[in-house]
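Protein sequence lines, in the order shown, are assigned to chains A and B. Position one of the first sequence corresponds to residue 1 (this note's numbering), numbered consecutively onward. Position one of the second sequence corresponds to residue 1 (this note's numbering), numbered consecutively onward.
No wet-lab data here; the hints were simulated from the structure. These numbers were taken from a predicted model, which means no experiment stands behind them. It is possible that some hints are incorrect.
To be verified - As a list, the in silico DSSO-like pairs of lysine-lysine whose alpha-carbon atoms are at most 27 Å apart:
1. Lys367(B) with Lys444(B)
2. Lys93(A) with Lys367(B)
3. Lys358(B) with Lys93(A)
4. Lys442(B) with Lys358(B)
5. Lys360(B) with Lys444(B)
6. Lys425(B) with Lys367(B)
7. Lys444(B) with Lys318(B)
8. Lys428(B) with Lys286(B)
9. Lys360(B) with Lys93(A)
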Amino acid sequence: MDFISILSIFVMACFVGYYVVWSVTPALHTPLMAVTNAISSVIIVGALIAAAAAGIGEGGATSKWLGLLAVVLASVNIFGGFAVTARMLAMYKKKAPAGAKH
Amino acid sequence: MEHITVNPWASLAYLVAGVCFILALRGLSSPATSQRGNRMGIIGMTIAVVTTLITHVPYLFSDGWTLYAPARDITPFIDWLTVAEILAAIGIGAAIGITTARRIAMTDMPQLVAAFHSLVGLAAVLVACAAFLNPGAFGIAEGGVIFAQSRIEMGLGVAIGAITFSGSVIAFLKLNGNMGGAPILLPGRHVINLGVLAAILGLVGYFTIDQSAWVFWTITVLSFVIGFLLIVPIGGADMPVVVSMLNSYSGWAAAAMGFTLHNTAMIITGALVGSSGAILSYIMCKAMNRSFISVIAGGFGGETAAAGGAPKEQRPWKRGSAEDAAFLLEQAEQVIIVPGYGMAVSQAQHALREMGDKLKAHGVRVKYAIHPVAGRMPGHMNVLLAEANVPYDDVFELEDINSEFAQTDVAFVIGANDVTNPAAKTDKTSPIYGMPVLDVGKAKTVLFIKRSMGGVGYAGVDNDVFYMDNTMMLLGDAKKMVEEIVKSLD
Chain A
1 MDFISILSIF VMACFVGYYV VWSVTPALHT PLMAVTNAIS SVIIVGALIA AAAAGIGEGG
61 ATSKWLGLLA VVLASVNIFG GFAVTARMLA MYKKKAPAGA KH
Chain B
1 MEHITVNPWA SLAYLVAGVC FILALRGLSS PATSQRGNRM GIIGMTIAVV TTLITHVPYL
61 FSDGWTLYAP ARDITPFIDW LTVAEILAAI GIGAAIGITT ARRIAMTDMP QLVAAFHSLV
121 GLAAVLVACA AFLNPGAFGI AEGGVIFAQS RIEMGLGVAI GAITFSGSVI AFLKLNGNMG
181 GAPILLPGRH VINLGVLAAI LGLVGYFTID QSAWVFWTIT VLSFVIGFLL IVPIGGADMP
241 VVVSMLNSYS GWAAAAMGFT LHNTAMIITG ALVGSSGAIL SYIMCKAMNR SFISVIAGGF
301 GGETAAAGGA PKEQRPWKRG SAEDAAFLLE QAEQVIIVPG YGMAVSQAQH ALREMGDKLK
361 AHGVRVKYAI HPVAGRMPGH MNVLLAEANV PYDDVFELED INSEFAQTDV AFVIGANDVT
421 NPAAKTDKTS PIYGMPVLDV GKAKTVLFIK RSMGGVGYAG VDNDVFYMDN TMMLLGDAKK
481 MVEEIVKSLD
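Extracted from the complex, chain A is given alone in its bound form (with noise of 0.2 Å):
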């Protein structure tokens, strides 16, 4: 893909989160902020690639550890990340029918 292609899809990302960040409820900023958080750590990707490819001239090695090491921090987030915001969904519950107890 050649630069103008990318800024493309980093410019119409942009305004699609725009929009869509907007129409969260603001009772949701907690999670907002905690799912974001998880998504952001996609940068795994680039932590995956560098643990994989060892051993080509002398950053290799190097290169892999500081990938594994990623790898560790950006898992932490995502499955830290995705179960916290799964933990505070769940409690949001909608008023329960009269007579209900919780």
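Go by the hints and put chain B onto chain A.
Same frame as chain A, but now just chain B:
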């Protein structure tokens, strides 16, 4: 320019992952669809990770060399050791992440989010370093020379990642109480900060003509330093903006790395997260009537005490007991509860919900009014109330409920102060002038739970509501006070 050899199916899969992430955020438009949204996010992430694992199998060659691109004639075989290491790395991360997510108290959510931001930042830095040391693996170099465009992307990626990391660490320490919330002001900090920022940008530019290691490492180190310098002077009251801002940075860092790797999933996600954080910062700034620049410049909450709190004469105020409060609440037709950070600190949300239930049983209408900057991060109060099983239909945003105070019998303020201060409307000299506030004073009676009459909120401004004829101060720990009220309601 040599292009990265991409498997079209892989590109398609990354695009699908990106779309899943958009749908994940879209799901948050209502609590009813939010859980489905979160699952879309998980699906998207699984697609992205599995695609990468399949397309980047580590190979080992019989002569001991490993090479990711299938560029050599010797038959390769799969490097199972590396595969195991990668899976172990994911496993370790998963174990830490899931344990943390299960154990964390909801009141500690702001710290957790700050800590997670720092991890994204550090991961971005590590990936950028790996790409710099081994550009061949990422297909961004020819004969060891990294493409100029990739150098810019890499330089920006490492800079934003490093700023996100060190900034989030400071935010975490402040939110977690390891570091005082008061702003730390270095002399000449604006000059230093601008100088360092200019140096970073200059070096990123210079990096395109000289790919020496020192340029890359200097950018990295300076960015760690500037992240630290930027957040240190920002006071506790501005933390909602800081957390949102760092959220935005973590997105831009991912996007910059997405440009380097030509990866659609990363670019889409980066743009989504970047705009999300930016919008949240904007909402928080607006809710405090402060400009983004003035928040970044820092210092709020420390030096302002003198500006607004011109020594006022001792004014008379009324003190009430839990029994008095219970009596007033029982008699009311409608009660609006206004929670603030103080509720989070004393973990009073469960007791508060119990009080709400008792009042409802007495036939009182109970509503909750949330100011956008109540607490330490956007939506902080909503999560705590949800944790305590308060139905979200009872919880209202500032603009939806503010007109109702005039028809309300009791406004019950618990651990909130600045967000109820009428000085924001009347006193032009007040540091919070212009900030939208909840009109609790318009209610027939105001019950104000406060630890003592001494402290006056983060902005350091006295609150006229304390001294109004229709206000009764309930002094004490928020949780204990609410529990006593609950007892008296029987």
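Original post:
For the pair supplied as a hint, Lys425(B) and Lys367(B), is the alpha-carbon distance within the 27 Å limit?
Top reply: holds, 24 Å
**OP:** Decide if the proposed pair is consistent with the structure: Lys93(A) and Lys367(B), CA atoms, cutoff 27 Å inclusive.
**Re:** holds, 15 Å
**OP:** With a cut-off of 27 Å on the C-alpha distance, tell me whether Lys444(B) and Lys318(B) pass.
**Re:** holds, 15 Å
Subject >> Agreement of Lys442(B) and Lys358(B) with the hint, judged by alpha carbon distance not exceeding 27 Å >> reply: holds, 24 Å
**OP:** Measure nothing beyond the straight line between the CA atoms of Lys358(B) and Lys93(A); if it is 27 Å or shorter, mark the hint as holding.
**Re:** holds, 19 Å
Subject >> Restraint check for Lys367(B) with Lys444(B), where alpha carbons must lie at most 27 Å apart >> reply: holds, 15 Å
Original post:
Going straight from one Cα to the other, do Lys360(B) and Lys93(A) come out at no more than 27 Å?
Top reply: holds, 17 Å
**OP:** Verify the proposed pairing of Lys360(B) with Lys444(B), using a straight-line Cα cut of 27 Å.
**Re:** Holds, at roughly 19 Å.
**OP:** Starting from Lys428(B), check that the Cα of Lys286(B) is at most 27 Å away, please.
**Re:** holds, 17 Å
In summary, the structure agrees with every hint in the numbered list given earlier.
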